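Residue numbers (our numbering), protein chains in the order written: chain A, 1 to 293; chain B, 1 to 308; chain C, 1 to 375.
Everything labelled a hint here was simulated from the structure, so no lab data went into it.
Any given hint could be a false lead.
Stated by the list, open to error - If the Cβ cut is set under 7 angstroms, some of the chain A residues that face chain B in the computed set are:
no., residue
1, L29
2, Y32
3, S269
Said to hold, decoys possible - Sample of chain A residues lacking proximity to chain C, with all beta carbon distances greater than 10 angstroms (derived):
no., residue
4, N79
5, P80
6, L200
Claimed, not checked - Where chain A lies over chain B, by a calculated footprint (3+ residues, C-beta under 8 angstroms):
no., segment
7, 77-90
8, 105-112
9, 223-233
10, 247-256
Note that this is a predicted model, so its numbers are computed, not measured.
In this text, a Cβ means the ideal position worked out from N, Cα and C, and glycines have one as well.
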Amino acid sequence: MGPDAAMPETAPGAPSAAAITARRLVGRLAFYTFVVVVGAFFALPMLWLAFAPFDAHPTLAAHPPTEFTLGNFPDLLKNPYALPSLLNSLVLSLATMALVVATAAPAAYALSRVRIPGRDVLLYVLLLFSSVVSGTAAMVPIFLLVFELGLINTQAGVVLVLAGGLIPAGIFMLKDFVDSMPTSYEESARVFGASPFQILRDIVLPHARPGLAVIGVWVFVNVWSNFLIPFILTRDPGKMPAAVVIYNFYSEGGQANLRLISSFGLLYSIPVVVLYLVVNRRYGFRFYGGLKG
Amino acid sequence: MSPREAETPAPPLPASAPPEAGATALRTRGAVAFIAPALALVAVFLIFPALWTLYLGLTDYRLTGIQAANPQFIGLDNYAAALGDPRFGNSLWVTLVYVFGSAVIGQLGLGFTLAWIFRGWRGASRTVLEILVIVAWIIPSSVVAFLWIAFLDTHDGTLNAVLGNADVPWLFSWPLLSIIVFNTWRGTAFSMLLCGGALSTLPPSHLETARLAGASSWQQLRDIVLPSIRGHLLTNLLLISLWTFNDFSPYLITAGGPNFGTETLPIYIFRNALTNFQLGYGAAISAILLVINLVIALVYLRVLRKRN
Amino acid sequence: MADLEIRGLTRVFPGGVRALDNLDLHIRDGEFFALLGPSGCGKTTLLRSIAGLERPDAGQILIGGRDVTRLPPGARDLAMVFQDYALYPHMTVAENIAYPLKIRRVGRKDRRQTAESVGASLQIKGGMLDRRPGQLSGGQQQRVALARAIAYRPRVFLFDEPLSNLDARLRLEARTFLKQLQRDLGVTTVYVTHDQAEALALADRMAVMERGHIRQLDTPSNCFLRPANTFVASFIGSTPMNLLSATVRDGGCDVAGQRLALPEIVRGQVQSGEAVVLGMRPEYADVSLVEVPEGLSGPVRVLENLGVDSLVTIEIGDLRVQATTPEDCVPALGDRVWLVPDQRRLLVYRADDGERIAVGPAAPFAETTVDAGSL
Numbered sequence: 001m002g003p004d005a006a007m008p009e010t011a012p013g014a015p016s017a018a019a020i021t022a023r024r025l026v027g028r029l030a031f032y033t034f035v036v037v038v039g040a041f042f043a044l045p046m047l048w049l050a051f052a053p054f055d056a057h058p059t060l061a062a063h064p065p066t067e068f069t070l071g072n073f074p075d076l077l078k079n080p081y082a083l084p085s086l087l088n089s090l091v092l093s094l095a096t097m098a099l100v101v102a103t104a105a106p107a108a109y110a111l112s113r114v115r116i117p118g119r120d121v122l123l124y125v126l127l128l129f130s131s132v133v134s135g136t137a138a139m140v141p142i143f144l145l146v147f148e149l150g151l152i153n154t155q156a157g158v159v160l161v162l163a164g165g166l167i168p169a170g171i172f173m174l175k176d177f178v179d180s181m182p183t184s185y186e187e188s189a190r191v192f193g194a195s196p197f198q199i200l201r202d203i204v205l206p207h208a209r210p211g212l213a214v215i216g217v218w219v220f221v222n223v224w225s226n227f228l229i230p231f232i233l234t235r236d237p238g239k240m241p242a243a244v245v246i247y248n249f250y251s252e253g254g255q256a257n258l259r260l261i262s263s264f265g266l267l268y269s270i271p272v273v274v275l276y277l278v279v280n281r282r283y284g285f286r287f288y289g290g291l292k293g
Numbered sequence: 001m002s003p004r005e006a007e008t009p010a011p012p013l014p015a016s017a018p019p020e021a022g023a024t025a026l027r028t029r030g031a032v033a034f035i036a037p038a039l040a041l042v043a044v045f046l047i048f049p050a051l052w053t054l055y056l057g058l059t060d061y062r063l064t065g066i067q068a069a070n071p072q073f074i075g076l077d078n079y080a081a082a083l084g085d086p087r088f089g090n091s092l093w094v095t096l097v098y099v100f101g102s103a104v105i106g107q108l109g110l111g112f113t114l115a116w117i118f119r120g121w122r123g124a125s126r127t128v129l130e131i132l133v134i135v136a137w138i139i140p141s142s143v144v145a146f147l148w149i150a151f152l153d154t155h156d157g158t159l160n161a162v163l164g165n166a167d168v169p170w171l172f173s174w175p176l177l178s179i180i181v182f183n184t185w186r187g188t189a190f191s192m193l194l195c196g197g198a199l200s201t202l203p204p205s206h207l208e209t210a211r212l213a214g215a216s217s218w219q220q221l222r223d224i225v226l227p228s229i230r231g232h233l234l235t236n237l238l239l240i241s242l243w244t245f246n247d248f249s250p251y252l253i254t255a256g257g258p259n260f261g262t263e264t265l266p267i268y269i270f271r272n273a274l275t276n277f278q279l280g281y282g283a284a285i286s287a288i289l290l291v292i293n294l295v296i297a298l299v300y301l302r303v304l305r306k307r308n
Numbered sequence: 001m002a003d004l005e006i007r008g009l010t011r012v013f014p015g016g017v018r019a020l021d022n023l024d025l026h027i028r029d030g031e032f033f034a035l036l037g038p039s040g041c042g043k044t045t046l047l048r049s050i051a052g053l054e055r056p057d058a059g060q061i062l063i064g065g066r067d068v069t070r071l072p073p074g075a076r077d078l079a080m081v082f083q084d085y086a087l088y089p090h091m092t093v094a095e096n097i098a099y100p101l102k103i104r105r106v107g108r109k110d111r112r113q114t115a116e117s118v119g120a121s122l123q124i125k126g127g128m129l130d131r132r133p134g135q136l137s138g139g140q141q142q143r144v145a146l147a148r149a150i151a152y153r154p155r156v157f158l159f160d161e162p163l164s165n166l167d168a169r170l171r172l173e174a175r176t177f178l179k180q181l182q183r184d185l186g187v188t189t190v191y192v193t194h195d196q197a198e199a200l201a202l203a204d205r206m207a208v209m210e211r212g213h214i215r216q217l218d219t220p221s222n223c224f225l226r227p228a229n230t231f232v233a234s235f236i237g238s239t240p241m242n243l244l245s246a247t248v249r250d251g252g253c254d255v256a257g258q259r260l261a262l263p264e265i266v267r268g269q270v271q272s273g274e275a276v277v278l279g280m281r282p283e284y285a286d287v288s289l290v291e292v293p294e295g296l297s298g299p300v301r302v303l304e305n306l307g308v309d310s311l312v313t314i315e316i317g318d319l320r321v322q323a324t325t326p327e328d329c330v331p332a333l334g335d336r337v338w339l340v341p342d343q344r345r346l347l348v349y350r351a352d353d354g355e356r357i358a359v360g361p362a363a364p365f366a367e368t369t370v371d372a373g374s375l
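Whole structure, please, built from the sequences with the hints as guidance.
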């Protein structure tokens, strides 16, 4: 970085070569110190998750396993809630993903391609509400609504609420994808006599596949990690997803079972980290992943 | 846009509407059918709750007792009660400090700095650092919360070990600072990625021109980079402020304590509405949070519109 | 094969812009017809209306005598080649070419066969058929788009600026190829372009459009030699025509304070004192270094080498007039020169409406064909 070549002639009043070298040395030193400190800041809290799951007697301290074992993972089976909660998380994530993709995709397509009266107002209202109404700000009516609908303590209640929150952003992202597809693709097919269904099947869907994949993963990661909504809407520990169950493991009184928490925490974290890295590599998830939150 | 409207079938086109022509064979009627399911879900589970919050905040609704069966309209009493409750004032203050500390200074400050030093720096150490920051953001928050409980533990915590067995009870003595640092750790990646994207839109010729004129790194940053990506930075700032205002995850570490020291507005709402079941009062506080969100969101949309 | 008739076609965009204004047009069977005009003139709207992608607000479109105005695009029996080719990135070249046949429920084997035979006639063969469009060069993609249109065996071809995404050299090759192809197939073709050289080179007849109206409907050579109005005059020609304001006086006219003779045919149709515009192509004037009594005179201000000849910009009074000179008699910068228009090719337009004077029965000169390729 920076111009390395020595200047053949220095402007009058410019610092001497030695002063420049010294300044650069100090700058480098400050730069590396900063990088090391920031690296440590991000790495140290994570170390525990890397070591403790493989330690036969983990403590809260992060250190290489004193007695290496893989036994913590089979032991998860002994806990009645651990593995079923992962299954719950999977069901919630997949169901919400299916619902969001199935409703947001046609909506995004229509909003991108057809000049519906009031379209811009609709888009503005959607954008506004989706950023204003968070799960936290609306937890009271969400709780009451799901309660009145008789969906408290059901997966369906959680799925519907999460889907309602994610659909607007999903529509915007998918609309970007459809907007980027030349209209001539569909027009050309129409001139050749393709029906609307054929156009969707042969041209639009194959073209939108990366977009659908990105949205799908984005929804999955969001739901998989979401704590608040299942936390307020489920009461029965057998129906809780991993996000809530792991919280119960460490928030309930008594000595926390660190073998359970560490191995379960790792198992619960790996899928989203892997998903993110894979999708990031394939589709350049960076920005879209950014809407996690 | 009432929920009722979204559920009724598509209204017939006004006769004067010009014939629809476009890329697809979809006409307005078909388009409405395409949009309706998404709109219905959003109307029922997003828009309706927001409007209901405003109404509930004006009642003494509770989940148990007489008020559950027959809630009374009590006007602005809930808001008066909130203003009279020192815990509400405390909660608002805690939230502001939390947002300013973790979003504005922590995430945006650190995120931009990282994006700036990553620009034009290739190599393994950069990749490792970048992945660390991103993984911190990807790990589910209920796991991250426990990682920080462990990291900050008084006796065994890694932080105290690094500081030479200091045995500082971080979560007890410095609770607000602790959750600010925790949220910085967890959320910096977003700002880093967004700032990195903004910096990459800057034409290299702009910086090269400045360098030829002899501008230092700092001068380039101040005179060229910051003014050019001001819009991106502002967008980013508004988004992360919005999210941090509504962030529930400090609850996972401190549950609002000790002594309400980390009781942000979301936690205050949760405790009043869903622990003590004062739904009307909780809804009134929620309405205040919604208004805060609305202000930030309106500014955000204005900035977006200006940028386009 | 079919002819194409447009009757009173009108399209008003939301906001009131009349993209097509009560337009009539007849395109003959087998004709190569070009729609030429600046962007926003309505040529693309007309093409898309013929395709059925735009719905006209009024008027009729008939293909082979059948009214198709209300028919969906797919029922009109025409094929369109888009500016961006609209090749589907997720299909192979062969699948792209055969996609129209798939819609017509032609079997897989026959589709492949057609793709191969049509492809071969356009030099798309061998491994290319199984590649994706993204792996092809621009020229190859353009040929695949053509092949797809041909495989459909339509009654009318519609081209929307199909050559504009190619670089200059390739565009000339593709132009020649396209002209020959259309001759061989004999399919009625409507070709939209904003490039006047392309229209002149390709078309049997052409329409020059402006703001939803046809300003001239004629053969390329007539459009070039006898533009009907100053709009067409300024639009056609690779070196722009000089349009000089003049006033008629005593059988001649005043141009920037100098005298110039008027073509004989016009003299009877203008009155003394009338304001006119003289249209003079740079190619149709002689530049003389010695004084010529009937010429406009002034110093040379700019010299541009065009290869075979040079373009000279001469300052005449407050006007700047351009003319070409052959390579053997190029004046020097600052030289005083005399400009003598070719009287047979000097065009005179009314200053008020820009229409040409003397469109009478007597042609001012014999029909000449112009080789557009050399323009």
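Going down the list of hints, with the structure as the test:
1. L29: 14 angstroms, violated
2. Y32: Status violated, d = 10 angstroms.
3. S269: 5 angstroms, holds
4. N79: Non-interface label stands for A/N79: nearest chain C Cβ at 46 angstroms, farther than 10 angstroms.
5. P80: 47 angstroms, holds
6. L200: 13 angstroms, holds
7. 77-90: Contact hint for the segment 77-90 of chain B vs chain A: violated, 0 residues under 8 angstroms.
8. 105-112: It is violated, with 1 qualifying residues against the three required.
9. 223-233: violated (count 0)
10. 247-256: That given contact holds, which follows from 5 residues of the segment 247-256 of chain B lying within Cβ reach (below 8 angstroms) of chain A.
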